[in-house]
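**Q** Residue-level listing of the chains:
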Amino acid sequence: MKCSDKKIAELLPWYVNKSLSKDDEGRVMKHLEECPACTKELEDLMRFRDEIAQYPDELFTDHVYPEELVVYAEARRELSREDLARIETHLESCSACREELQMLQQVNSSLEAPSTSSLFDRIAESAARLVQGLFARPALAYIAVLLLLFPAYLGIFKGRQSSDPTLAHINYDLTQSDMRSAEGLDNEIHVKSSDELFSLSFTVPILADDQIRYDAVILDDQKTPVWSREGVQSLDEYGTFLLMCPAEFFDEGEYLLVINEIDVPEKKVQQEYLFPFSVKME
Amino acid sequence: MPTMNRKDSEIIAGYIKGNAREYFIINQWITAVVENKYWGLQQQWADIIQEVRMKLFVNFKREQFRFSSSLKTYVYRVTKYTCIDYLRKKNRTDEVSIEKVEIKSQEDSFESLIRIEQKEILRQIFLKLKERCRQILKMVFLQNRSYKEVCLALNVAEGTVKSRVSRCIQDAIELRKDFIK
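First to last, the protein sequences are chains A and B.
When you line the first sequence up against our numbering, it's residues 4 to 285, in that order.
When you line the second sequence up against our numbering, it's residues 312 to 492, in that order.
Just chain B, with the same shape it has in the complex (with noise of 0.2 Å):
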């Protein structure tokens, strides 16, 4: 497995504890993608770094930056798809009523890393499991649909789904349990 170069850990154990110089390296990179002319997210900025900062550290600490690609590389990601995640909000919130806006703006502050920290692990179990099993995963658990339904949908018999389903259900909570660890 590739290690991480000395500068690379340094900057992370820097940031972990806080100190100004690697805290100021981090922004700069994110920076430079938030403020990018071609996103369109001026009236996010602040809210976007402040989230991209949360889930570096959410993620340092628990050890999750890929090695495979230089540090820079892993905050220029991470910032981007937090990027896209917006652009896909603000896409779909266009007919959010002012008082939802209201009322997630008023959410217990103290809340919002235990928020992004939780968010963050799941993203990245679904991310590990495969397509199928995020499908089954929606049918179960935001479609309710009944173990005949989901038999229909995947053209499999009743015991087949029960047990694909069971091992499905199993992976997730399986995983969850290595990033809760």
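Pulled out of the complex, with its shape left as it was, chain A reads as follows (with noise of 0.2 Å):
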């Protein structure tokens, strides 16, 4: 639904933000007593006005955007000619923007500095290129280079496992109780001093076809908040969600985690949840 007044339609920006002359301002203000869609376009103004202010900085910065400065950084070929040209005029002139482009560039290569072959495979690896001379077919010389060594690898390497990423975790499950706290439960959790995070979960008797949001802390012994988290949780079909806690932020010993479900239309804690657990080093 549109105005069949432009001229009127076109005050409204200047309405929104105070800038009209009083003759126009009561002009538009009659205006909109009796036309439906100027008022529904002067509410979607006014909202999106408010919302942009909330974050001028970012928003309306005169650098170049983050996202932007990231893209140029890596990979050009996604910028339009439009925009290249802006973002290179403007790095001529900012000595900000390319101090943050030289940072993005040494973080890139830092991030794809290879990773060092295990001292196995650097080994396999010469001593192929080595027999392959010997052999007329380079498949055998692989061959026999692994035959060979096969037996070093038993000696020397075995000791060495490699590692998956593997999570202490503990999960709690309510679904056969309407228990709140899980007291009782085994709830000692192993951290190994490589492991970065430790994970508990939740099975919970509520339905599992919505998101959560929810408010979690966790108290030490003397109830000192050692960390917390809010945020939204989707649940899977058994109703269990997810934290995921930094281990380097915990020592041996009692914890307490505090969960408050959180009633978003209501704006309160709709359910509170009380999960004393304790922590072992290894």
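In short, the hints are calculated from the structure, not lab data.
Hints should not be assumed to be uniformly reliable.
Claimed, not checked - With a straight-line Cα cutoff of 20 Å, these simulated EDC-like cross-link-like pairs (lysine to aspartate or glutamate) come out:
hint, chain 1, residue 1, chain 2, residue 2
1, B, K372, B, D319
2, A, K25, B, E469
3, B, K449, A, D53
4, B, K348, A, E115
5, B, K439, A, E285
6, A, K43, A, D8
7, B, K400, A, D65
8, B, K372, B, E333
9, B, K459, A, E115
10, B, K430, A, D65
To be verified - Simulated DEER-style distance windows between Cβ atoms:
hint, chain 1, residue 1, chain 2, residue 2, range
11, A, E28, B, N402, 33 to 43 Å
12, B, K318, A, E46, 38 to 48 Å
13, A, E95, B, Y349, 20 to 30 Å
14, B, K488, A, E255, 24 to 34 Å
15, B, Q354, A, P59, 36 to 46 Å
16, A, E46, B, I327, 26 to 36 Å
17, B, Q339, A, M49, 38 to 48 Å
18, B, K441, A, P279, 48 to 58 Å
19, A, Y58, B, S474, 37 to 47 Å
20, B, Y349, A, T92, 34 to 44 Å
Stated by the list, open to error - Just a few of them, taken from the derived set where beta-carbon distance is under 10 Å, the chain B residues facing chain A:
hint, residue
21, K318
22, G351
23, R373
24, A468
25, I484
Think of the CB as a built atom: it goes at the ideal place given N, C-alpha and C, for glycine as much as any other residue.
Combine both chains into one complex, guided by the hints.
**A** So this is what it looks like as structure tokens:
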């Protein structure tokens, strides 16, 4: 639905920013009383204005948008010719953006640094090149190298186990009872020194057809908050949701996890769960 | 349109559901960027990582992942521009009073995901708008300039300014409606 009076509709942005003359303002106000289309458009404009006013520095930056700078640093072909020209012109005159670009390039180099292969792989590769010269077919050369080196691998390298990422984990299954607290359940978590995270998951007796908003805090035995997070979780088909906790914040000891399930429309705590657990370091 | 590879789609699906394995994979990618020595943002690592996790959650739910790059590249990019945001904030807030910092920390915590979602939507709208349109929105809604002042700034006739501004704002609001759907 559009307004038939285009001249008035075009004044709405300036009605919102209160820069119209008294006469124009009066005309707009009179028109709004009888035009639902313009009233709706005014509401959209005011909502939009209120939203963008919350992030002036990010949205109206005088510098290159961070997203564009990242793309410029690593995939310029994704930028339009116009955007590329604008960014390059800006970079010529802005030392702050140039520094950020340089930092991005250093980070990218650091991320792309090749990982060193294992000692066994390097020896096998060098030996294969050497033997390749002796055998007519490269495949035979590799097989020969592996057969020669296999006993060495067993003797020297067997002790090194490659480890897939694993997580110390507790699952609290509350589907069999109405308990909000997991006291009495097996709640000891063993964290290795190499672990960066451990996880706590909960299978709860609620309908798993939506997300829940939660507010979680972990207290130590002095009731001091050690870690807290809030957010939204999607439940899987069993009503399970998950918290990932950084291991570096925890020492050996007793902790209490408090989870508040938030009812968003009412903006209040709908349900509180208490989960004591202990951390053992290995 | 290029399609997402199966592994990436499985990681996204698992991440949205909160599966430990997918969460761990993505967390590794985020951490690799954030804890890079070049940023100098050690005190904000935990906040940055959590903000990136939330942005990814929001963008995955809205299917904003662009299939032209791998998921890992996408996660890296979101993390990098978030780090740049924090660098800029750090430079700007050196003069912010302690009082303002305290007020922010008392913000109702469960609204932070809503704020991040809103900011992400607006950023993606502004990225899609032309530079001229962003300038217009800044003059009208941030600087509260009258249409005569905008005419002078853009060096165009009054009638042209009004229709150009109207068109620009309509583009932005239509983009916003597309994101909200």
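**Q** With reference to the structure, classify each hint as holding or not holding.
**A** Evaluated hints:
1. Taken as a hint, the K372(B) and D319(B) pair is honoured in the structure, with Cα atoms around 14 Å apart against an allowance of 20 Å.
2. Pair hint K25(A) plus E469(B) holds up; C-alpha atoms about 18 Å apart against a cutoff of 20 Å.
3. Distance check on the hinted pair: K449(B) and D53(A) sit about 13 Å apart at the alpha-carbon level, within 20 Å; holds.
4. Taking the CA atoms of K348(B) and E115(A), the gap is near 14 Å; set against the 20 Å cutoff, the hint holds.
5. With a C-alpha separation of about 51 Å, the suggested pair K439(B) and E285(A) falls outside the 20 Å cut-off, and the hint is violated.
6. At roughly 15 Å between alpha-carbon atoms, K43(A) and D8(A) fall within 20 Å of each other, so this suggested pair holds.
7. At most 20 Å may separate the alpha-carbon atoms for a hinted pair to count; K400(B) and D65(A) meet this at roughly 14 Å.
8. Between K372(B) and E333(B) the CA atoms are separated by roughly 15 Å; this keeps the pair inside 20 Å, and the hint holds.
9. Of the supplied pair hints, the one linking K459(B) and E115(A) is violated, its CA atoms being roughly 52 Å apart against a limit of 20 Å.
10. Distance restraint check for K430(B) and D65(A): the Cα-Cα separation of roughly 18 Å lies within the 20 Å cut-off, and the hinted pair is therefore satisfied.
11. Between E28(A) and N402(B) the CB atoms are about 40 Å apart, so this pair conforms to the stated range of 33 to 43 Å.
12. At roughly 44 Å, the beta-carbon separation of K318(B) and E46(A) lies within the given 38 to 48 Å, and the hint holds.
13. Our hint of 20 to 30 Å for E95(A) and Y349(B) holds, since their Cβ atoms are close to 23 Å apart.
14. At roughly 53 Å, the beta carbons of K488(B) and E255(A) sit outside the given window of 24 to 34 Å.
15. Restraint check, Q354(B) to P59(A): a C-beta distance of roughly 25 Å breaks the suggested window 36 to 46 Å.
16. In this structure the supplied range 26 to 36 Å holds for E46(A) paired with I327(B), their Cβ-Cβ distance being about 32 Å.
17. About 43 Å separates the C-beta atoms of Q339(B) and M49(A), a value consistent with the hinted range of 38 to 48 Å.
18. Taking 48 to 58 Å as the suggested C-beta distance range, the pair K441(B) and P279(A) conforms, at roughly 57 Å.
19. Evaluation of the 37 to 47 Å hint for Y58(A) and S474(B) yields a failure: the beta carbon distance comes to about 27 Å.
20. Between Y349(B) and T92(A) the CB atoms are about 26 Å apart, so this pair departs from the stated range of 34 to 44 Å.
21. Look at K318(B): its Cβ only gets to about 16 Å from chain A, farther than 10 Å, so that hint breaks.
22. Given the 10 Å rule on beta carbons, the hint for G351(B) holds: about 9 Å separates it from the nearest Cβ of chain A.
23. With its C-beta approaching chain A no nearer than about 13 Å, R373(B) sits outside the 10 Å limit, and its interface hint is violated.
24. Below 10 Å, beta-carbon pairs count as interface contacts, and A468(B) has none with chain A, the closest being about 13 Å; its hint is therefore violated.
25. Annotation: I484(B) was flagged as interfacial toward chain A, and the flag holds, the nearest CB pair being 5 Å apart, inside 10 Å.
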